[in-house]
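Engineer: In order, the protein sequences belong to chains A and B. All residue numbers for the first sequence refer to numbering that gives the first Met the number 0, where the first residue is 0 and numbers rise by one. All residue numbers for the second sequence refer to numbering that gives the first Met the number 0, where the first residue is 0 and numbers rise by one.
Since the hints were derived computationally from the structure, they do not count as laboratory data. What you are looking at is a predicted structure, and each value in this text was computed from that prediction instead of being measured. Where hints are given, some of them may not hold.
Because identical chains cannot be distinguished in the list, a pair is counted as satisfied if it fits within a single copy or across any two copies.
Mimicking SDA-like on lysine to any residue, the simulated pairs with C-alpha atoms at most 20 Å apart in a straight line are [stated by the list, open to error]:
#	residue 1	residue 2
1	133	25
2	210	283
3	48	319
4	35	88
5	35	153
There are 2 protein chains.
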Amino acid sequence: MKNDRILLAHGGGGQLGNELIEKYFLPLLGNPILNKLNDQGIFEVNSTKLAFTTDSYVITPIFFPGGNIGELAVYGTVNDLSMGGARPLYLSLGLIIEEGFPMEDLKKIIHSIKRAALESEVKIITGDTKVVNKGGVDGIYINTAGIGIVQVDQNISADNVRVGDRVIVSGYLGDHGIAIMSEREGLIFNNPIQSDSAPLNKLVCTMLQTKVKIHAMRDPTRGGLASSLNEFAKKSKVGIVIEEEKLPIRGEVKEACEILGIDPLYVANEGKLVAVVERVRADDLLQAIKGNSLGKMAGIIGEATDSHRGKVIMKTKIGTTKVVDMAVGEQLPRIC
Amino acid sequence: MKNDRILLAHGGGGQLGNELIEKYFLPLLGNPILNKLNDQGIFEVNSTKLAFTTDSYVITPIFFPGGNIGELAVYGTVNDLSMGGARPLYLSLGLIIEEGFPMEDLKKIIHSIKRAALESEVKIITGDTKVVNKGGVDGIYINTAGIGIVQVDQNISADNVRVGDRVIVSGYLGDHGIAIMSEREGLIFNNPIQSDSAPLNKLVCTMLQTKVKIHAMRDPTRGGLASSLNEFAKKSKVGIVIEEEKLPIRGEVKEACEILGIDPLYVANEGKLVAVVERVRADDLLQAIKGNSLGKMAGIIGEATDSHRGKVIMKTKIGTTKVVDMAVGEQLPRIC
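Take the sequences, apply the hints, and build the full model.
Structural biologist: Laid out in structure tokens, this is it:
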């Protein structure tokens with residue numbers, strides 16, 4: 000019996016997770032907002048457009064180089080709102096804590112949530128704490144949901160990419176996933192890799208001010224850049240062609256990927272975005288992104304094409320092309 | 000070292016949970032909305048008043064007499080919005096599932112979520128699924144957050160009870176908690192007790208239409224009626240006096256409470272509300288509640304007083320009075 004039980008891969012950003020959504024969730028729970036499968040649902044109340052999103056964080060270890068589960072839970076939800084062109088306003092905070100969890104660690108996490116909320120200019124206005132018996136949860140899990148106000152009259156959606164659009168990434172790929180994996184595997188580098196965990200709302204605000212048309216945008220977390228681009232290609236029915244030599248990846252991350260046998264295109268990021276934007280003004284937008292401290296290493300890495308519709312193709316450094324598939328499962332479980 | 004680790008009781012609706020909130024959460028995360036500690040945060044965007052709430056559901060067993068974790072997660076959040084006088088509109092759905100969880104059970108839960116959302120007239124517009132390794136979670140936990148629109152210009156808040164107000168409960172107390180406990184303990188009754196899990200939004204809508212002033216309202220879940228009333232008494236700085244003989248409690252629930260050695264005042268409900276309302280029109284409101292199928296057994300059980308400020312007092316059937324304290328912890332862990 001194939002798939003009569005939930006597998007770790009069902010929770011990844013890849014194909015099995017999508018199957019779960021498309022076979023079980025959408026047929027029962029679907030509606031025009033949910034069906035878009037964007038990182039946020041956008042709705043209108045009294046002519047005000049709002050965005051709503053949620054994520055649970057089950058990362059292990061909960062403290063890692065460059066951050067911890069608390070700030071990740073704030074930034075992740077701030078970023079999911081930002082990816083819809085919304086300004087994040089309010090967050091909810093749901094904690095599930097294991098009996099016996101050290102109070103000192105909880106304090107550190109709450110401090111970190113406070114700092115992250117201040118930095119992102121969001122307020123936590125509702126919350127819930129559950130404590131479960133030992134073994135009922137691995138330390139602490141955090142759910143945040145968030146509400147933001149959509150301030151632009153743009154349709155930023157995975158199904159809105161057009162042929163000719165340029166693909167921009169805002170900086171180095173793979174830092175978060177590799178920081179976590181290195182920690183788990185006990186890899187030691189001269190310059191330890193830090194998570195890129197950061198709030199993207201101010202960067203997005205800068206981008207929106209340029210008035211350059213952004214057609215689709217994601218923060219490529221679980222499943223990495225490959226999964227975000229595959230979603231765009233599938234939903235928008237365009238091809239996406241990227242160039243390997245234009246991908247911004249740190250040398251240390253490349254090395255670690257080789258040691259660990261994983262592909263940086265599938266590694267989670269927590270402070271990066273990928274935007275697919277109108278061709279004619281893509282360079283203007285790139286300059287604006289580079290002017291933000293989180294966007295210094297941004298670059299145009301490819302474009303949407305009429306050929307290869309529904310697929311992502313990479314031109315390699317050695318001049319060949321290869322298909323960049325949607326990940327099947329998740330290379331790195333519990334990465335966020 | 001007292002309390003250097005999280006205890007099960009920190010997750011209850013009682014005193015230790017409140018300490019956690021007041022000592023660790025509010026000093027760091029506090030703001031005028033969160034500080035009210037209502038079941039929902041209420042905010043305004045472009046002159047529209049919205050309510051926002053969240054809850055995680057970690058109930059065991061996940062299937063129980065009268066319901067399952069799926070509908071509970073929908074109704075619970077619908078009810079938390081309703082308690083602020085809001086009409087629930089949209090829900091988020093965050094699943095944390097254990098590797099190996101049976102797909103059939105997941106399907107049942109999703110079906111149940113669908114039915115509950117239809118019944119409550121809410122749409123799920125955003126979601127997230129995490130799968131964790133075996134032992135990382137006990138089966139499945141669900142977080143829902145919800146957004147509603149506040150349609151009345153009433154201040155329904157735990158700190159708004161006034162001396163003279165009447166206390167109304169909408170029906171039988173303790174059904175949910177006792178259904179769960181009986182299931183866990185293998186108690187067998189002639190008429191098995193069912194959870195009262197139900198959406199209260201339509202009942203609240205009926206109540207608001209009467210225009211009777213509701214000063215405070217809660218669905219007494221974790222910690223039961225005793226905890227809700229204690230919160231009202233403390234935040235509003237009034238006494239609350241209730242009469243034991245007026246409390247609607249099923250015979251079977253009383254029996255089970257005696258066998259299990261627990262007090263029905265502290266037992267969780269999932270389809271009941273307690274409202275503290277203006278004295279002069281309390282009877283009008285009671286009649287309206289009784290006209291709703293979920294309110295048939297409603298009754299006025301007490302009032303807010305000038306004496307015993309900050310405390311809840313019960314006049315017993317034998318003519319004595321006793322203090323009804325806030326629960327210290329939780330009699331029934333993982334009841335929701």
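Engineer: The structure should be examined with respect to each hint, and the outcome stated for every one.
Structural biologist: Hint check results:
no. : hint      : in the structure
1   : 133 x 25  : neither (34 Å within a copy, 26 Å between copies)
2   : 210 x 283 : within (10 Å within a copy, 56 Å between copies)
3   : 48 x 319  : neither (45 Å within a copy, 57 Å between copies)
4   : 35 x 88   : between (22 Å within a copy, 18 Å between copies)
5   : 35 x 153  : within (15 Å within a copy, 36 Å between copies)
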